[in-house]
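Whenever a hint applies, use it, and build me the whole structure from the sequences.
There are 2 protein chains.
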Amino acid sequence: MSARLLDGTAIGRAIRDELGPRLERFRARVGRPPGLGIVLAGDDPASHVYVRSKVKTGANVGLFVELVELPASTRLDELLAVVGRLNASDRHDGILVQSPLPAALGRDASRVVFDAIDPDKDVDGFHAVNAGRLVQNRPGLWPCTPAGVIQILDRSGIPIGGRHAVVIGRSDIVGKPMALMLLHRDATVTICHSKTPDLAAVARSGDILVAATGRAAMVTRPFVKPGAVVIDVGTNRVSDVETARRIVGPDSPRLASLAKSGSILVGDVHPEVAGVASALTPVPGGVGPLTIAMLMSNTILAAERRVGLQT
Amino acid sequence: MSARLLDGTAIGRAIRDELGPRLERFRARVGRPPGLGIVLAGDDPASHVYVRSKVKTGANVGLFVELVELPASTRLDELLAVVGRLNASDRHDGILVQSPLPAALGRDASRVVFDAIDPDKDVDGFHAVNAGRLVQNRPGLWPCTPAGVIQILDRSGIPIGGRHAVVIGRSDIVGKPMALMLLHRDATVTICHSKTPDLAAVARSGDILVAATGRAAMVTRPFVKPGAVVIDVGTNRVSDVETARRIVGPDSPRLASLAKSGSILVGDVHPEVAGVASALTPVPGGVGPLTIAMLMSNTILAAERRVGLQT
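So the sequences go chain by chain: A and B.
Here the first sequence is numbered in the working numbering, starting from 1 and rising by one per residue.
Here the second sequence is numbered in the working numbering, starting from 1001 and rising by one per residue.
Hints in this document: simulated from the structure, not taken from any laboratory.
Treat each hint with caution, since some may be false.
Computed cross-link-like contacts, BS3-like style, restricted to lysine-lysine with a CA-CA straight-line distance of at most 25 Å [said to hold, decoys possible]:
(1) A:Lys225 - B:Lys1225
(2) B:Lys1225 - A:Lys195
(3) A:Lys225 - B:Lys1195
(4) A:Lys195 - A:Lys225
(5) B:Lys1195 - B:Lys1225
Pair by pair, the computed Cβ-Cβ distance ranges are [stated by the list, open to error]:
(6) B:Val1049 - A:Asp77: 46 to 54 Å
(7) B:Val1068 - A:Gly31: 47 to 55 Å
(8) A:Ser89 - B:Ala1028: 44 to 52 Å
(9) B:Ser1156 - A:Ser194: 21 to 29 Å
(10) B:Ala1028 - A:Asp77: 31 to 39 Å
From chain B, some residues computed to sit far from chain A (all C-beta separations above 12 Å) [to be verified]:
(11) Leu1019
(12) Arg1052
(13) Lys1056
(14) Arg1075
(15) Arg1091
(16) Ile1247
(17) Leu1255
Cβ atoms here follow ideal geometry from the backbone N, Cα and C, with glycine treated the same way.
Quick look at the structure:
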């Protein structure tokens, strides 16, 4: 038995393709494309990779994308001034400040900055107002990663209502919004985490299992009910050859790319799970592409709402 | 075996007693007591009973309480004007608009009115901003009933962390905030509801079971793991004698009060559960008194924050 692999790259492409006509309609009515402002402070290498990908995808979709790059020495008030300008701008329908912020800004900086973004432009869905609208199941902007997971399930014909969904992880941006979205789709939802005794047994009760632990290949066979649908939200860089070998297998061609580039990306789910699950998202090529697709979708939704094309 | 009954009346009294010194400190610093504005529109009899109880408890605790009574024919703009006045008032630290609003205002009226309340005065914790702050585990004002449940557990010496908590019901004001509060206290949390297949089996997995179904005595023995702690959030009026007899038992003195007053209050949990649970909140006298105690607590907290006595 080998799980069906859910192709996030293809689903992400389908979503982006569907945005085309909406973007054209917007442009025809408003006379400009929807706009996305991206703020990148500091020089975290992974952040630069993510942001480059967002800028490129945005441009391909046809958005106006402005990237504001700030040095690691940026002060909080300078960062807030940029957010303020984007809030006030008529050309920017969506605003995204890439995490993590430079450590020098302090640990509360992200919260202060996210709170400063106009909730109606908050395409990451991190603002307290959007978190609250999600709890109350009202129109808002939802975090991209869990919204992308719902898209994968829906577009793969996997029913949610009446199923038992188990979410491992309770972050503000994945675990908790994921649990709420599954709940609003009539799943019975269990949310478990590092303090859960016998995590594997709890995970094994899920018809749908969403892993967002941030720990490479932590979810192994004993975590998975036979026939379950397993969604892997993890993106962990592994550079140790032995660890990589244990995860991808001794014969994987990915070991060659590790040797070449120094690291590979692995999920929170061990690939061995394919032997027991009915369906599984791969890493890379599973949830990742959806996160960016939903960012594009959120930007167009925010733009449509701003001009009254959508409620 | 018979479950220990968790005495909400005594716990509520203890909470109110602890508010005394905080209230005195506030009054000494600010020169006035914390103030609560209560808006009651229409003539729903149950709402009048609840509001009377809130006004009386507030006065006993030492709050300044203003009750604004509006006719059932009140227009939305008139109601919003009252909320606007209370928002702007320096004497009112907390504002509460009693639900349900008159039906003539339409089904979205509650949402519009709750959104109009200053989030920092929203002592019911119904505003989207407070719902979002709760998701993000940040300082805010939390819904009184689930906050009261946490108090019952804590003050009864019942550990939460590492336990499996099951919440039946997914309302915005009880089920969902309850699940989030238990999660933030390190419980593994399952939230189930009317669309959950085999609800009893899911409920039976809980070490802590919170019933917020709105259906009289629905939670029976098969729903309860032996030794579980059962919290009954229900307040259902039963006027049918046969139904009441099946719930409270043929020999209960409560049947006499039904005969006298025409109805009795029963919970979502059948009293037979006392034979299998280790602890149980009675109805009345369980969660109910806590809801009002937490309203008082929220009002004083809001007042302290407004003047900088608390963060």
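Hint-by-hint comparison with the structure:
{"no.": "1", "hint": "A:Lys225 - B:Lys1225", "in the structure": "holds (23 Å)"}
{"no.": "2", "hint": "B:Lys1225 - A:Lys195", "in the structure": "holds (21 Å)"}
{"no.": "3", "hint": "A:Lys225 - B:Lys1195", "in the structure": "holds (21 Å)"}
{"no.": "4", "hint": "A:Lys195 - A:Lys225", "in the structure": "holds (21 Å)"}
{"no.": "5", "hint": "B:Lys1195 - B:Lys1225", "in the structure": "holds (21 Å)"}
{"no.": "6", "hint": "B:Val1049 - A:Asp77: 46 to 54 Å", "in the structure": "holds (52 Å)"}
{"no.": "7", "hint": "B:Val1068 - A:Gly31: 47 to 55 Å", "in the structure": "holds (48 Å)"}
{"no.": "8", "hint": "A:Ser89 - B:Ala1028: 44 to 52 Å", "in the structure": "holds (48 Å)"}
{"no.": "9", "hint": "B:Ser1156 - A:Ser194: 21 to 29 Å", "in the structure": "holds (26 Å)"}
{"no.": "10", "hint": "B:Ala1028 - A:Asp77: 31 to 39 Å", "in the structure": "holds (37 Å)"}
{"no.": "11", "hint": "Leu1019", "in the structure": "holds (27 Å)"}
{"no.": "12", "hint": "Arg1052", "in the structure": "holds (29 Å)"}
{"no.": "13", "hint": "Lys1056", "in the structure": "holds (31 Å)"}
{"no.": "14", "hint": "Arg1075", "in the structure": "holds (23 Å)"}
{"no.": "15", "hint": "Arg1091", "in the structure": "holds (27 Å)"}
{"no.": "16", "hint": "Ile1247", "in the structure": "holds (26 Å)"}
{"no.": "17", "hint": "Leu1255", "in the structure": "holds (37 Å)"}
Of the numbered hints stated above, none is contradicted by the structure.
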